[in-house]
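So the sequences go chain by chain: A and B. Just so you know, the first sequence maps onto residues 1 to 418 in our numbering. Just so you know, the second sequence maps onto residues 1 to 257 in our numbering.
Careful: at least some of the hints might be erroneous.
[Unchecked claim] Derived lysine-lysine pairs resembling BS3-like cross-links, with alpha carbons at most 30 Å apart: (1) Lys-158/B - Lys-30/A; (2) Lys-248/B - Lys-10/A; (3) Lys-101/B - Lys-366/A; (4) Lys-365/A - Lys-125/B; (5) Lys-64/B - Lys-120/B.
[As the list claims (entries may be wrong)] The following residues of chain A were derived to be distant from chain B, with all beta-carbon distances above 12 Å: (6) Gly-26; (7) Val-208; (8) Phe-398.
Derived by calculation from the structure, the hints in this document are not laboratory data. For each residue, glycine too, the CB sits at the ideal point set by N, CA and C.
Here is how the chains run, residue by residue.
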Amino acid sequence: MWDRISEKLKILSDAAKYDVSCASSGSKRKNENKGLGNSSGMGICHAYTEDGRCVSLLKILLTNHCIYDCAYCVSRRSNDVKRAAFTVQEVVDLTINFYRRNYIEGLFLSSGIFSNADFTMERLVRIAKKLRTEENFHGYIHLKAIPGASKELLNEAGLYADRLSVNIEMPTEQGLKLLAPDKKRDDMIHPMKHLKAAIEENRDEKKVLKRTPLFAPAGQSTQMVVGATAETDLNILSVADWFYKKMQLKRVYYSGYVPISNDSRLPMIGTPVPMIRENRLYQADWLMRFYGFERNEIVSIDYPLLDMDIDPKLAWALRNLHLFPIDINKADLAVIKRVPGIGVTSALKIVAARKFNNLNWEHLKKIGISINKAKYFITCSSKDFERKDYQPLQIKQFILNTGHSKYRPDFSPQISLF
Amino acid sequence: MKTIIYDGSFSGWLTVVFHVYEYKWTDVNILPVAKQQHSLFGDIHQVETDEAKADRVWHALKKKITNEYAMQLFQTFLSEEEHVENVLLQYVRYAFSSQQKITHNYSNSAVLYVSQTARKVHREKHRMEAFVRFQCLKDGLYYATIEPDYNVLPLIKKHFEERYADQRWMIYDVKRHYGLYYDLNSVDLISINFENTVAKNGKPSSEILNEGEVQYQLLWKDYFKSVTIAARKNIKLHVQHMPTRYWKYLIEKLPGR
Numbered sequence: 001m002w003d004r005i006s007e008k009l010k011i012l013s014d015a016a017k018y019d020v021s022c023a024s025s026g027s028k029r030k031n032e033n034k035g036l037g038n039s040s041g042m043g044i045c046h047a048y049t050e051d052g053r054c055v056s057l058l059k060i061l062l063t064n065h066c067i068y069d070c071a072y073c074v075s076r077r078s079n080d081v082k083r084a085a086f087t088v089q090e091v092v093d094l095t096i097n098f099y100r101r102n103y104i105e106g107l108f109l110s111s112g113i114f115s116n117a118d119f120t121m122e123r124l125v126r127i128a129k130k131l132r133t134e135e136n137f138h139g140y141i142h143l144k145a146i147p148g149a150s151k152e153l154l155n156e157a158g159l160y161a162d163r164l165s166v167n168i169e170m171p172t173e174q175g176l177k178l179l180a181p182d183k184k185r186d187d188m189i190h191p192m193k194h195l196k197a198a199i200e201e202n203r204d205e206k207k208v209l210k211r212t213p214l215f216a217p218a219g220q221s222t223q224m225v226v227g228a229t230a231e232t233d234l235n236i237l238s239v240a241d242w243f244y245k246k247m248q249l250k251r252v253y254y255s256g257y258v259p260i261s262n263d264s265r266l267p268m269i270g271t272p273v274p275m276i277r278e279n280r281l282y283q284a285d286w287l288m289r290f291y292g293f294e295r296n297e298i299v300s301i302d303y304p305l306l307d308m309d310i311d312p313k314l315a316w317a318l319r320n321l322h323l324f325p326i327d328i329n330k331a332d333l334a335v336i337k338r339v340p341g342i343g344v345t346s347a348l349k350i351v352a353a354r355k356f357n358n359l360n361w362e363h364l365k366k367i368g369i370s371i372n373k374a375k376y377f378i379t380c381s382s383k384d385f386e387r388k389d390y391q392p393l394q395i396k397q398f399i400l401n402t403g404h405s406k407y408r409p410d411f412s413p414q415i416s417l418f
Numbered sequence: 001m002k003t004i005i006y007d008g009s010f011s012g013w014l015t016v017v018f019h020v021y022e023y024k025w026t027d028v029n030i031l032p033v034a035k036q037q038h039s040l041f042g043d044i045h046q047v048e049t050d051e052a053k054a055d056r057v058w059h060a061l062k063k064k065i066t067n068e069y070a071m072q073l074f075q076t077f078l079s080e081e082e083h084v085e086n087v088l089l090q091y092v093r094y095a096f097s098s099q100q101k102i103t104h105n106y107s108n109s110a111v112l113y114v115s116q117t118a119r120k121v122h123r124e125k126h127r128m129e130a131f132v133r134f135q136c137l138k139d140g141l142y143y144a145t146i147e148p149d150y151n152v153l154p155l156i157k158k159h160f161e162e163r164y165a166d167q168r169w170m171i172y173d174v175k176r177h178y179g180l181y182y183d184l185n186s187v188d189l190i191s192i193n194f195e196n197t198v199a200k201n202g203k204p205s206s207e208i209l210n211e212g213e214v215q216y217q218l219l220w221k222d223y224f225k226s227v228t229i230a231a232r233k234n235i236k237l238h239v240q241h242m243p244t245r246y247w248k249y250l251i252e253k254l255p256g257r
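Sequences are here, hints too, so could you generate the full structure?
Quick look at the structure:
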């Protein structure tokens, strides 16, 4: 019996690993009646894979049988791989036993589509329901919302899950048409819209009635595959920006395409995963969410691709040298956050500390900013600072020469389209 | 320079602070008794821990710098770093002597030290919440041993108490020789003498493991292996997040299968 479970686990976790989300944060679910589990709202990574990614949840497919044939997916119908399916009880047992040993924060359950959307969604919901109602489990549950599933099932899923997600898969409709001709973008947007409305409704009810049950308290997320098709960073970040602003998504994930197929529509097997590009996209995403940047300050029609050599904040600053240098002892927080080499935490510390005395390089270094980058963009109470009128390219070279990129040069750059 | 010896507890250190103010000592070096050198000579004072005095200092501190920052002092104390007692005293003196709220003055060396050290300790606490691996023993006890860089057991108690309310559990710090034990009602501090027990150095031998324990460990290892994406291998990042010194307590990093 253990051998069978082991084999299923290997197949169904292997198939699920390309879904990059592993967040377990953003949901407060209190332990009640001496049950099992408690979510404080802070995520925990219990382990890290050898590729450096966080392992927070038991991330598995219920089954990798699938009626679809999406070119970028390992579980596509035409792919010759071993197929398996968990029973409801097997998933419940694995989750509870891993959780009790402090291996995981909870469950991330996705699935290939067997027979139809409702049939699949119903199984996912049944597992979440069993964990919550029979096992008195208060850990984290992330369920996939299956495109095309009924409203009733989506609503029920929201009652048990902390987070629900629908993957948009490809940044543009054309990309989707090329690689997943059976799928329609509208089918994905539809459940997202429904969930957005349900989450908002629940929040409004909560204002009136304290005991309103939780409904997907950690919100929705989605994922796009990057580098499988020819979309620009402008395409990708515009979609992300739309999701954040119009759909109130908590997170958009960017998944650098890992070549898994000889399909001529896709990069060949052996093509390196576009990891630098993926990283730059996340940096841009952070700038939009935490640093007060608008999407068109990062990428636009004039510069549709992110710079691979330098981070997007530095790239923005070099395009806007006329705004610098700024005085670290006087500038607003919002302005300080825009300085290359200064993160949100350091910016807050600077604003707090300068009330006591004017800050100099020594202070700034101790606070933990990256002087090597920031020195071209700020002045402080020390007399010596970079007064020469450097050109953007010079500054870029200086920074590249003194810094050491964590990336080896052999990672694939973005395919240049122009 | 006066050398002050205390018992190494946080209450002990707070008592020292009380004495410093009571007797208006100016130039002091505070040492825990465990680090006292025999060759010490000169002006040595032994301070006995006094909970009432410690409480008074603690409340005064909380009032002066708020609970949140008093907690930072406690976290910094748990770092057990050399001379941490002296820096904390410097901080307290600065706080009490100032009319302003000084907790954000990162240009003061003691304030910056406390904020940075508290952060390190907090990170270790968070790590332990992540890296504890329970093994289920025959009697149903979920048991884990740890060896954290800092003395974080007092900080992780609440997290585990809230999370594992329906199972008996124990987390034992083998470096500091004490642990937390939850008996379904409350969490107590315990100390065990492992000599002549089935748990050599605190490690449980296979015959006292619960049925199914080994299988779940193997399943976890299977899982850990199969979620790795070979095309993205990045060992440097892996080790940065999971430093090798923790591996001996992490099931998934132990050899086998």
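Looking at the structure, which of the earlier hints fail to hold? No numbers; nothing is violated.
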